[in-house]
Amino acid sequence: MSLSESIRVALDSIRANLLRSILTTLGIMIGITAVIAVVAVGQGGQQSIMKEMEKFGSNLFQIRLDWRRDELPSGTEFTMQDIEIIKANVPELEYLLPCADTYSQVKAGNKAKSAQISGTEAGYACLHPLEISTGRFFSDSDCQSGRRVAVIDEELARELFPRSSALGKKILVGNQALLVCGLFKAESSPFAMGIKFVYIPTRVWLDIYPDGGISYIEGGTRNPAEVKTAMQSSIKILERRHRSENLYQGVDMEQQIQAVNKVTGVMTLVIGIIAGFSLLVGGIGVMNIMLVSVTERTREIGLRMALGARRRDILLQFLIEAIVLCLLGGITGMALGVGGAFLISALAQWPPLVSWATVLLAFAFSAAIGIIFGLLPANQAANLDPIEALRRD
Amino acid sequence: MIKMERINKIYRPQSNPVHALQEVSLHIEGGDFVAVMGPSGSGKSTLMNVLGCLDTPSSGTYWLGGIEVSSMNSDQLASIRNRKIGFVFQNYNLLPRMTALRNVELPMLYAGVENKKRQARALDCIEQVGMLDRIHHRPAELSGGQCQRIAIARALVNSPDIILADEPTGNLDSASSLEIMHIFQSLHRNNTTIILVTHEAEIAAFARRVLHFRDGRLTADEILSPQHLKKTPLPKGGEDI
Chain A
7 MSLSESIRVA
17 LDSIRANLLR
27 SILTTLGIMI
37 GITAVIAVVA
47 VGQGGQQSIM
57 KEMEKFGSNL
67 FQIRLDWRRD
77 ELPSGTEFTM
87 QDIEIIKANV
97 PELEYLLPCA
107 DTYSQVKAGN
117 KAKSAQISGT
127 EAGYACLHPL
137 EISTGRFFSD
147 SDCQSGRRVA
157 VIDEELAREL
167 FPRSSALGKK
177 ILVGNQALLV
187 CGLFKAESSP
197 FAMGIKFVYI
207 PTRVWLDIYP
217 DGGISYIEGG
227 TRNPAEVKTA
237 MQSSIKILER
247 RHRSENLYQG
257 VDMEQQIQAV
267 NKVTGVMTLV
277 IGIIAGFSLL
287 VGGIGVMNIM
297 LVSVTERTRE
307 IGLRMALGAR
317 RRDILLQFLI
327 EAIVLCLLGG
337 ITGMALGVGG
347 AFLISALAQW
357 PPLVSWATVL
367 LAFAFSAAIG
377 IIFGLLPANQ
387 AANLDPIEAL
397 RRD
Chain B
410 MIKMERINKI
420 YRPQSNPVHA
430 LQEVSLHIEG
440 GDFVAVMGPS
450 GSGKSTLMNV
460 LGCLDTPSSG
470 TYWLGGIEVS
480 SMNSDQLASI
490 RNRKIGFVFQ
500 NYNLLPRMTA
510 LRNVELPMLY
520 AGVENKKRQA
530 RALDCIEQVG
540 MLDRIHHRPA
550 ELSGGQCQRI
560 AIARALVNSP
570 DIILADEPTG
580 NLDSASSLEI
590 MHIFQSLHRN
600 NTTIILVTHE
610 AEIAAFARRV
620 LHFRDGRLTA
630 DEILSPQHLK
640 KTPLPKGGED
650 I
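Protein chains in written order, with the numbering used here: chain A, 7 to 399; chain B, 410 to 650.
Note that these hints are calculated values from the structure, not bench results. Please note that a few of the clues may not be correct.
Pair by pair, the computed Cβ-Cβ distance ranges are [to be verified]:
(1) B:ASN482 / A:ARG26: 32 to 38 Å
(2) B:ALA529 / A:ALA22: 26 to 32 Å
(3) B:SER583 / A:GLU394: 31 to 37 Å
(4) B:GLU536 / A:SER361: 53 to 59 Å
For glycine and all other residues, C-beta sits at the position ideal for the given N, C-alpha and C.
With the sequences and hints as input, model every part of the structure.
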């Protein structure tokens, strides 16, 4: 019997027991739906993290003090002098910024809001995709002379100065009054979580928070290929100057991407294992119903054998029926999974990523389940004795 | 066409042997119309299974159309059943989900006949049994007599060497039985070899030759006189012998 004829027979028999077939495929369907949806949302999430990270540029690195140490030896903090010496000795560097962060109150008139207060230098605006909408970012001379200026995000500006433009107004950070010299567009990223930002020159930041120090150094090279050498040379200089080893840790984009990939990889694996179990349960359901089908159709099998079906014809017929059953579940599951992925992503605000590999894998997987769990019932059917089978009611 | 030599069939040879067939030897010419008669337990069903290549004898040799089939494996037997034997069963054994046409095409699917030829050949055979107006009906929409006619068409499609009919009128009323027997007679006139199992003498009377079985042995082999072949209407509810 030809393949198309076998498929036709399989579809006939599925149609004859429609409700039962649908209920049977439900297990496979749910399994495949879960796999596709979760993988699509996961990959979409991973991609949007990547995009987020790519914005920071591949020519960028940061050096921090080892955060795992409980107590750092004295005299190891970054100093402004470190910056000058590294700048002078590492020619690949285009920018080297001393940075400091804290979370604090910003006041204007009788209003007060919390925001992240970041100390940095003029180069920051070149290394990061900051969109200045009004005014300007502070300049090198602002930084050198320690002018009391601040660049704040538009949303914070609106909250502090609801009636007029914040540009040229004074805000109070700590005990210092700062002049707002520029506003930037707040980012609409799913990871921003509504945090407001204030950028001020590092020197000013150190004046406001004399107990705090430079928390990290951010560097940028002209050529992305030189990031690693520039970072390593900078770390060497720091180690020599502070007479310590393995205390300064550099991170570039590549390393961060690897870290994200590692996390998402583990998550995908865990989800894959869970989904695998649900498909296993679905497969057992298919096997069960195929065994029922063989019992019910014993006479049909006997008749087909009498009319000239060989054992392998019968085997193939039932195997194909199991595969068709699983593929129907698989295809519906794929459609629902893709739909579900779009739904979840709409809620999570990142685009789903449905890759061909995932879809093909799900397809192959449901076919494989059909073969594995169809084999036992099909074998049982093929080994029936035609005389016995014909006599059965 | 058929030659059997000292065929024995023993069920459960180890524990509790039952000799279903004992030393059966027979010869059937091509184009003959033979009835096999006997009470239940006489071995006629076992003979049909062996003749139909559904079962193999415990000993002895069986030639069908010049081929020795008594020692074939199950795949070879399937192929012999498909090409050389047409089965007609008491309970028709049509597949309920398929139309009459598709039921008739079924043996050709296993013979690998291509789609177009398949349908033409099926329609040809359905015409022979006078059922062309019912080809798209399912078995449930047909009467018993109509089902049996479709089953006969199915038995004919692969142009088998022999037609094996096992109590073909057992589930039919006398009018339908008569129609079915007339179809067998016309097939016989067209030189088809027919072997018919029955326990009704009136049905056996349509054949040219009758083999009597009892306790697994061939006890009598009678050739019916041509007068016997006259078309007599069946008495209502035909009696057992």
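Status of each hint after checking the structure:
1. For ASN482 of chain B and ARG26 of chain A, the Cβ-Cβ distance of about 36 Å falls inside the hinted range of 32 to 38 Å, so the restraint holds.
2. At about 28 Å, the CB distance of ALA529 of chain B to ALA22 of chain A agrees with the hint of 26 to 32 Å.
3. Checking the proposed 31 to 37 Å range against SER583 of chain B and GLU394 of chain A shows it holds: the Cβ atoms sit about 32 Å from each other.
4. For GLU536 of chain B and SER361 of chain A, the hinted distance range of 53 to 59 Å is satisfied, since their beta carbons lie about 57 Å from each other.
Every hint, counting from the list given before, is met by this structure.
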